[in-house]
Structure formats: structure tokens, C-alpha cells
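J.: Here UniProt numbering is used: position 118 in the sequence shown is 118, and no number is missing along the way.
Among these hints, one or two may not hold up.
[Unchecked claim] Here are the simulated PhoX-like cross-link-like pairs (lysine-lysine), alpha carbons at most 25 Å apart as the crow flies: (1) K227 with K6; (2) K233 with K250; (3) K126 with K139; (4) K227 with K248; (5) K247 with K233; (6) K130 with K146; (7) K194 with K6; (8) K126 with K194; (9) K78 with K6; (10) K130 with K194; (11) K233 with K193.
The hints are simulated quantities; they were obtained by calculation from the structure and are not laboratory data. Keep in mind the model is a prediction, meaning the values are calculated, not measured.
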Amino acid sequence: MYMAEKVLETVDLVKIFKDSYEVKALDNVSCFVEAGEILGVVGESGSGKSTLARAVTRLINVDSGSIILNGNDITGLKGKEMRKIYNDIQMVFQDAVSSFDARLTIEKNIDEVLENFTSLNRKQRKEKIKQLLRTVGLKEEYLTRKPLELSGGECQRAAIARAIATNPKLLICDEATSALDVSMQAQIVKMLKKLAVELNIAILFISHDLAIVNGLCDRVLVMYHGKVVESGKATEVICNPQDDYTKKLKASVFI
Numbered sequence: 001m002y003m004a005e006k007v008l009e010t011v012d013l014v015k016i017f018k019d020s021y022e023v024k025a026l027d028n029v030s031c032f033v034e035a036g037e038i039l040g041v042v043g044e045s046g047s048g049k050s051t052l053a054r055a056v057t058r059l060i061n062v063d064s065g066s067i068i069l070n071g072n073d074i075t076g077l078k079g080k081e082m083r084k085i086y087n088d089i090q091m092v093f094q095d096a097v098s099s100f101d102a103r104l105t106i107e108k109n110i111d112e113v114l115e116n117f118t119s120l121n122r123k124q125r126k127e128k129i130k131q132l133l134r135t136v137g138l139k140e141e142y143l144t145r146k147p148l149e150l151s152g153g154e155c156q157r158a159a160i161a162r163a164i165a166t167n168p169k170l171l172i173c174d175e176a177t178s179a180l181d182v183s184m185q186a187q188i189v190k191m192l193k194k195l196a197v198e199l200n201i202a203i204l205f206i207s208h209d210l211a212i213v214n215g216l217c218d219r220v221l222v223m224y225h226g227k228v229v230e231s232g233k234a235t236e237v238i239c240n241p242q243d244d245y246t247k248k249l250k251a252s253v254f255i
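Please put together the full structure from these sequences, using the hints given.
T.: Here it is in C-alpha cells:
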């Protein structure tokens, strides 16, 4: 029997932020996402979903638990060791424009990633960038444009092109469709579905929007105050939620 490759697994992640009082942003969070699969992580602001993304990418350290990527525990990696795995993990953010260097063209922004993380020569990088733009539905003319010359949807497409440039195993989308209009959201969702299948890439899709998650994701994780309160197949969880918080989220969307 064929077993899908488990690209990412988190085991009992705990993250506590200490200010005037302690906040447990991640409370024993365990999850996994397989190659070619899209896992949705949903919850309101403060639920811990973005903290999970930052922990997985090691932008923050966790207090306890394990982060396993491609079968390797990366929880304690630092410096050069961590840099080696960035080929395998890439992120797409809500504000695509600010994720780019506004002074540089789209070509140069993507080229910097290829130059730093691949062994391709200049000519090969140029061809790779053209191919990446075609993959996300942008014409070659966008090579010479700067981020501020693109619409929000076009810029998000370019951001996705940059994110997949290193052929990552895991793509993390943190509210990647939240700033877009409904029409563009649908286009990005369709493209992410296609990329997951064609590139066999695991996607961790973080959102507050249960409707988008329902249309995009294979499975879903519902978070509330740092805890996973419900998980399972997206259609089952959303159509027949068992937890009161999930029911509340559904009621706020599907009215």
C-alpha cells in the first residue's frame, strides 16, 4: 500500500510569551502535512495559527516539543545548519508587496533567491525565472516591473513564484489571500491546488476564513487560544463540526 511522505510533523509544541503575564500561544500543538497535501490552519486572531507558522520556520524558538521536517528534527538547528533547510521551507505572506524589495524588479527579486540558494548560472537563472512566472500565470513582461507596479493579485502570484523557486518541500501561506478581492482569492486558491499536485509540495495554509479553507484544503486544524480544538478532513470538520468554537466559526461565515 502506498504511504504518502510526511513532509512536516510537529509534536506537542509549546510556546509561551512572557510580558506582564504569560500567554501560552502554542499549547501542545501536534500536526502533520504530507507531500501533495494542503493542510488548513484556521482560527481567529490570537488563536496561535501564525505563531505555529513562525515556529515551523524557526523564526521563533519553542519552549518544548519537536519540529520534524522530512524525517529530521530541526527544532534545535541554528545558523548555517538552519540555512541549509531554507531550500525546503518557503513562506508566502499576506502583504506581498512589502515582502519584496520595492527598488528591484520582479526578476531581480526572484534572482536573488536563486543566486543565494541554487548553483544555477546567470543564464539558467533567467530561464528559471521565466518558467516560474509562467507557472503562476504571469507574462514575461512582468520581469522588468517593480512590485509597486503590480496589482495585489499579480504581486501575490510573483511572491508565490519566488517561494517555489528553490523547489521547496513545504510552502507556508500565512493569510496569503486575505488582502485580495473575492475573484482574485478564487484564482490564487485554484493555483495553489494545482501547485500542490504538480509539484507534490506540502502546503500549510493559515487563514481565518473557513470558506476559503473549505474550498482549498484536504484537512483542517482548528485552533483556539493556542490549542487544537478540532481536526480532520476539511469537508467533514466544516460540514459537521463537533467543537463549539468550530461551530461558531462556521456560523460567522456560512449564514
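J.: If a hint holds in the structure, say so; if it doesn't, say that too.
T.: Now for the hints, and whether the structure bears them out:
no., hint, in the structure
1, K227 with K6, "holds (22 Å)"
2, K233 with K250, "holds (15 Å)"
3, K126 with K139, "holds (14 Å)"
4, K227 with K248, "holds (16 Å)"
5, K247 with K233, "holds (15 Å)"
6, K130 with K146, "holds (15 Å)"
7, K194 with K6, "holds (19 Å)"
8, K126 with K194, "holds (24 Å)"
9, K78 with K6, "holds (23 Å)"
10, K130 with K194, "holds (18 Å)"
11, K233 with K193, "holds (16 Å)"
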